[in-house]
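Visitor: Chain residues, written in single-letter form:
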Amino acid sequence: MALLTLSSPHAKGPQRTSIMMRWVIAMTLPGLLLQTLFFGWGNLHNVLWCTLVAIISEAIVLKIRKRPIGFYLNDYSAVVTAVLLGLALPPFVPWWVSLVATSFAIIFAKHLYGGMGYNPFNPAMVGYALVLVSFPVAMTTNWAMPLPLLEQPASLLETLGIIWGQVPISDALTGATPLDTYKHEIAHSLSDTVLANPIFGSGFSLGWEWVNAAFLGGGLILIALKVIPWQTPVGLLAGLAIPAAILGHDADQTAPIILHLTSGATMLGAFFIATDPVTSCTTTRGRFIYGFGIGLLTYIIRAHGSYPDAIAFAVLLMNFAAPLIDVYTQPRTYGYIDSKRGPKAKEKN
Amino acid sequence: MSTSVNATLSSKIISTRTIYDFHGGIHPEEMKTLSNQTPIVQPPIPPQLVLSLQQHIGKPSQLIVELGQRVLKGQKLADADGMISVALHAPTSGIIDRIVDHPIAHPSGESGECIILIPDGKDEWCELEPCEHYEHLSVSKIQAKVREAGVAGMGGAGFPTEVKLHPPHHDKVATLILNAAECEPYITADDRLMRERAEEVVQGMEIMAYALQPGECIIGIEDNKPEAIAALREAAKETLIEVCVIPTKYPSGGEKQIIKILTDKEVPNGQIPADIGVMCQNVGTAAAIYRAVRFGEPLISRVTTLTGEGIQQPGNVEALIGTPIDWLLSQYGFQAKKTERLIMGGPMMGFTLKHIETPIVKTTNCILAPTHKDLPPPPPAQACIRCGLCADVCPAVLLPQQLYWFSRAQEYDKAEHHNLFDCIECGACSYVCPSSIPLVQYYRHAKGEIKQQKQDQLKSDQARERFEARQFRLEREQAEKDARRKARADVAAKAQASKKAAEAEKSVDTGTEIQTDAAPEDAADTKKAAIQAALERSKEKNQAKNTSEPEELIDLEALKTAWDKTQAKLDKMHDALDDAKANNPEQVEKLTRAVEKNQMRVNQAKKAWEKASTNLKVETETKTEQDSEAEKIDIEALATALVKAQSKLDKMQDALDNAQPEQVEKLTRAVEKNKTRVNQAKQAWEEASASQTAKIEKSTEIAADTMAQPDIKALESAIEKAQSKLGKMQDALENAQPEQVEKLTKAVEKNKVRVQTAENALKAANSISATNQNGEQ
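Chains A and B supply the protein sequences, listed in that same order.
The letter at position 245 of the first sequence is residue 245 when you use the numbering used here, and the numbering goes up by one with no holes.
The letter at position 622 of the second sequence is residue 622 when you use the numbering used here, and the numbering goes up by one with no holes.
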């Protein structure tokens, strides 16, 4: 009889890439729900629109690359990129901005490097950075005012009309984000005065605090399921909180630590963006350093840079450093006295 | 990490030993209940037995029986070949039918030499040497009995057991461990053995302890075998053997891992457990040692698990070594149609069998016949997403992901640097990989490639050494030949000179000596004769210096001619440079570089000369003969260096000749281009000014001015620019030439000086060597 010849091991565990990706998508849904509750239909539309664009772009590129389209689409990595972009982009951003961001992310930042697993930079963040730099007005003036502060929130049709360019957006609907507001106001006011602004709700950031809490919850579940490692988010939050506590203790000069942790894309970045396995470090020690670096850079750019939310640039900068961090954080192999850190480290045993 | 474990089972001994942990590990489905519910059965005697001569680590056994010979059960068929080898015995009585190549139990599915034994059904034992009390035997006798019995490690590796019964030279055995973990899914052979024959296992361990005198004896067993734990505890209650329960985790049964768990010691890289005072044996091996010492029975059968959904009656069998697997499986309801692959071993580390007629060997602990449902075929591999789950589970604390990238990119040096050879190929990384990448296959391939590369490197190193030695020998032989030829030529020349002298004497008709009157019209001849005479004298004086002297002088002469040639070339070069003055800045630059290179070479030559001259000086002081050899070699090297410098100069000259016209062309073209540009600009300006005047006549002044003036201004500036460019180029041309030429002339001067000093050094060396020879007369 003809017997199959295969290499051991013959048993396979239950983990699958597409299952991990789907868990990531599923755990963003609570955050997406709260974003819709607090900021309107914009984010939900963007998530769906970006997903559509991502799938179509990936299919086109795979066709050009002569790869089996179904096999590669089934790993859900394009959908994850699209969902992250949909959550991160401003709710009222025009349809062509999200189109550019998503298609650039999929085609250039992912497939031109070889597809999933070969890209050195986080594709969603590459797309975000591209549109942030190329369309600054669209990216800064389309943040939604929290719904509790609006007398007449935009309906679904209105939102669609605004995004698709049919209806001009009224100024009442948009407003600066809490981080942005604090940064500009604190230059000429005291922190108490600034925090009196209704956008800060009860001392945190109205709406944003709930969204961040939801992403935090989703992220903790992902850690429990072993879909993402815990070192990167812990490192990121430490890297953001510690400098904020040390350097930003004076709330009259810079944003306080609690504002950093509850507004902007902090929790989304910590649990969903920085933990993208392909572009982050692989060693456990390295993940701490990588996460800490992102947090630190985020704090620096937020406090002293010109962008109110800096997760995208911080992640991209640390993506550069990840391979080098890996080389210097190798663990100690069984039977060796010390680990071989560095590219030319000699054995010490 | 360490946790204290108290026994929770009903037993008389409570172990309070600290259990440690190793990094990583997985928890696959155990699938043990499929085969551990029924006791061990004895299958009937198969129609033929295929006995491989290599069932162990080390050299294959040496055949000691012949074709057609009738052998008894337990009779030795093949002897151990050396220390690391194991004997082979007949599992039952019968006739040696054939000795052929037959597929053997190896992942490659290749064939090996096997004895085909046809049983006669009588199952007649040969004479055995039982011993009721092993403690009456000496340790060496026990070791001999185990060796005679052909016991090999039965956990899967097959290391000759007798070797492990010798205490290590440099240290005592601190811990003797019996590996009862059986961590792989599906396998239950050791479980049933311990349940049914716990006394044999424990007494086997006592025999081992008697031979090794360890500090402590531990049996490490996983907690998924409660009955076996109870049986062992019962059997060991009167002994000092400790039965230690460890958590179920794959691969705690790996030797390195169980040592870490029980003793918290790690086997250092490149060493064996004996180096840290630990000995590890399988429970099956312990039972075999007992039977060998107590009953004198050789290893002729073993407990093998037959399991998987492809077998209707799974369970454990006491199979005779050499039982063909197809026959064995057919005895227990093998369903060939449902089984895609046959695995010898477990699902994690077992290998697939290519031929179903492969025989059972001493290390076969399991035959797994999985159906599609049990072990589905592996899904197609996706790209590595760098999730790091593999690194989380690796028991050797490697970075499987990096090893994968390096193996795939064939960067084997980096893979080795990441400790590829510390991989125990347990398969935990492939088990967890979400992208279903066959990681262990990549590592096996990389290991094979690295080994092959090292072998090739060794071969090529040896080949190179041989080649170099041969070259050296040939050169030396050639040199000796040349020396002999020259010596003969000298003798002939001397004979000629004396002939001429004799003739001259005859013609002059005086009775003076040959040499004084042998003053021919040719000054060169006298010179030559004088030199040769001096040579002869020095030859006679220094008998030890056979072939070296004429060579030495000859080398000096050759060197002299080389110097002359070089001088001539330099003169030519100088002329060429003068020509270059007229034309080429670019070429001149190249020449400068060439001259610099030559300067360097001459520097080196000069240094070598200085060395040589100092060496010579030292010689005159110490009068050693060996230094002259070295000097000769130095001189040779210098000669070659000079010849090389010469050839370089030639090349540069040629390049100069070729390049000259090209460079000139380029420059002239550039100049012309700029000239035309200037002309065009001029024309445009003229036209513009003409049109402007016309416009002024026709239209209002203001409008015309504002429109035309910018044009004119632009044109004027364009013209100025072009003109200045042209001027610059011409300046550059003119400037370049004198500067470059200056540099070059300086360089040539320097070179000349160096040549001069070197020449002087040569002369000095010559004179010194001459005085040396004179001084030694």
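Don't take every hint at face value.
Unchecked claim - Here's a subset of chain B near chain A, in silico, CB distances under 8 Å, partners left out:
| # | residue |
| --- | --- |
| 1 | 65 |
| 2 | 68 |
| 3 | 340 |
| 4 | 417 |
| 5 | 421 |
No lab work stands behind these hints, which were simulated from the structure alone.
All residues carry an ideal CB built from backbone N, CA and C; glycine is no exception.
Visitor: Each hint needs a verdict: does it hold in this structure or not?
Guide: Evaluation of the provided hints:
| no. | hint | in the structure |
| --- | --- | --- |
| 1 | 65 | violated (32 Å) |
| 2 | 68 | violated (33 Å) |
| 3 | 340 | holds (5 Å) |
| 4 | 417 | holds (7 Å) |
| 5 | 421 | violated (10 Å) |
Checked against the numbered hints listed earlier, the structure breaks hints 1, 2 and 5; every other hint is satisfied.
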